[in-house]
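Peer 1: We have chain B already, so just place chain L on it with the hints.
Protein chains in written order, with our numbering: chain B, 1 to 224; chain L, 1001 to 1421.
Everything labelled a hint here was simulated from the structure, so no lab data went into it. Just so it is clear, CB atoms sit at the ideal spot from N, CA and C, and this is done for glycine as well. Take these hints with a grain of salt, some might be off.
Only some residues are given here: those of chain L computed to face chain B with a beta carbon under 8 angstroms [to be verified]: (1) 1224; (2) 1234; (3) 1242; (4) 1255; (5) 1265; (6) 1306.
Counterexamples of contact, computed for chain B against chain L with all Cβ distances above 10 angstroms [to be verified]: (7) 24; (8) 68; (9) 155.
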Amino acid sequence: MKILIIEDGRQLAESIVEYLGKEGYHCEVAFRLEEAIEKVMMYKYECILLDITLPDGNGLTILERLKEEGKMEGVIIISAKDSIDDRVKGLKLGADDYLAKPFHLSELSARIGALIRRRNFQGSDRIVFEELSIDAQAQLVRVSGNALTLTRKEYNLLLFLLSNKGRVISKNAIAEHLSGDMTEMLDNLGFVYAHIKNLKRKLNEAGCGDYIKTLYGFGYKWQK
Amino acid sequence: MTNKLLNKTLRVYVGFSVIVLVISAPLFYWLTERLYIEDADETLFLRKEEFLKYNLPTIKTIDINTWNNINRDVRIEDSWMNVKRDSIFYTFYFDSLINENEPYRVLLTPVVIENIPFVLMARINLVESADMLKSIAVLFCVILSALLIGLYFITKRLSSKLWLPFYTTLDQVEQFELGKDVKPDFIQTDVEEFTRLNHSVNRLLEKNLSAYKSQHEFIENAAHELQTPLAVFQAKLDLLVQLVPLTDEIGDILSKLNDATSRLNRINKNLLLLSKIENNQYAFMEQVSVGDLVEKQTEFLIEQSEDKKVSVTIKRIEPIKINANLTLLEIAISNLLLNALRHNESRGQIIIDFHQNKLTISNTSKQSFLDREKLFQRFSNPGQDGGSGLGLSIIKKICDLHGWTVNYAYREHLHIFQIVF
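Here chain B stands alone, though its shape is the one from the complex (with noise of 0.2 angstroms):
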């Protein structure tokens, strides 16, 4: 899967290609804005970042060129001004999703996997590793076919921890997943331990493997 990073922002252009890049996606970067608008006409890609202050102009030209030539890629705009007008205007002209610097790459991760997931499998989103399937998109969880009853937490929980299988993620990356805008004064995170241990139980109730490791102190993972 393709992935087309515009940022001038070398730096951490270069995490974001070596995070996605561990998850399977294959990713090219732009840091200027005519580079850019060369790669979307020339290429398809299956999800594109883009960053709004470039050197050489807006970035939000490239949603009105992609408007223009008809291209339906799934843009996600990462912003550090994270100001009203440039995120409605962004969404206006057909961005799929609004990211603020600065972000942690767990949610950068689960925010692409959620764009393409939509995007892909239209009419059923779903996600299966080994005996547990998600229908996003009724957002159904089933373990080896039995449905399981979360609350939204959990299931936003447990679809964070999907998309970044594998990885280690931070109680705080986790913690602003799950309160999105709230977090603005958030430093108590003993709730993601709540909601991480409640998760575990269902799901060791319904017979699903132990998959949440702890890292102690620092997260978890979403491990084999």
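Peer 2: Frame of chain B; chain L shown alone:
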């Protein structure tokens, strides 16, 4: 107690006038009286000279009675007193007509008529002079009073007119607030001092405004610039944890690094938020239900509070909508609620109440009374509890923007924060 400038000048004027009046009135009286007596003395001597020149050479001793009958005030008396030379003095004579003793100025001169010594007595009634003096004193008082009263009113009127530009400037400077785009507009005046004052105040304000603006821009730019390295730092940290073996020790260090990064992010985001509020980027207002917002956030709060075993109670929620910016109101409420939780103690409580346009959030805490003065300033409460140190100043800013007030009180071991919409 402070005095108004006007009253101060007036007081000095009136004080001075009273002193002048008190000193000058007796002086004036004494001077007038002396002048009158001098005048009387002169008249008496004139009469004596007249008598000596025109009457004495012709008068006979037998005429003395007749003379005395005709001239009541220039009389020839027996030399019963030992008068050797002119003597002038005050005395009283009984006036049978009005049955009263009357004051007189008297001049006695020895004269010789047909070789017999006599005394010439010339006198002037001083009653008239006393009356006149009284009239003069009264007149003097009336004039001075009129002068004083006039002075008072003229000063008062003139001063308030004269000082009008000053008071206008004062009012405007008082109303001036940094961060609000209203620059004072001073009235033109032809008084040099006021023109100078206005000019200086204007220059001062402009300097302040530009300093404020550049500080403001600096914060915004700094926060923006920090976003990129922060993003790199965060990303590299995320990569690092994939590479190193996460022993307890390394995990702990990395976890603390992560916490610090999160906190940096929060501070930075909040700085940007403050800048954005000041830049008026949240000008869009709509009808917002406070109750809905509170209920939505309480759900999250309860989930967060489980860890600390803090009980969350909603007392009253009125279904009232207010005009506000949704994003900002949401931030204000979530900051208040999370503050109430963050500074709470284990097994403490949070009470939420929205009643009569007042949102009150009370919480228990290990801390006692907080310094009201510093409470809403940036970074005034060292963020030992992991806060960004900006939460309350953001709440204050949001309230200021909407024209709400935010109050703090400490009662019965409860910290009470209240927004009055």
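Peer 1: Hint by hint, note whether the structure agrees.
Peer 2: Each hint tested on the structure:
The restraint placing residue 1224 (chain L) at the interface with chain B holds, with a minimum CB-CB distance near 6 angstroms, inside the 8 angstroms limit. Look at residue 1234 (chain L): its Cβ gets to within about 4 angstroms of chain B, closer than 8 angstroms, so that hint holds up. Annotation: residue 1242 (chain L) was flagged as interfacial toward chain B, and the flag holds, the nearest CB pair being 6 angstroms apart, inside 8 angstroms. Using the Cβ-Cβ criterion of 8 angstroms, the hint placing residue 1255 (chain L) at the interface with chain B is satisfied: the shortest such distance is roughly 5 angstroms.
For residue 1265 (chain L), the suggested interface contact is upheld, since its CB lies about 6 angstroms from the closest CB of chain B, less than 8 angstroms. For residue 1306 (chain L), the shortest C-beta to C-beta distance to chain B is roughly 7 angstroms, which falls under 8 angstroms, so the interface hint holds. Every Cβ of chain L is farther than 10 angstroms from the Cβ of residue 24 (chain B); the closest lies at roughly 15 angstroms, confirming the non-interface assignment. The Cβ of residue 68 (chain B) lies farther than 10 angstroms from every Cβ of chain L, with a closest approach of about 29 angstroms, so its non-interface assignment holds.
For residue 155 (chain B), the non-interface assignment is confirmed: its Cβ lies about 15 angstroms from the closest Cβ of chain L, beyond the 10 angstroms cut-off.
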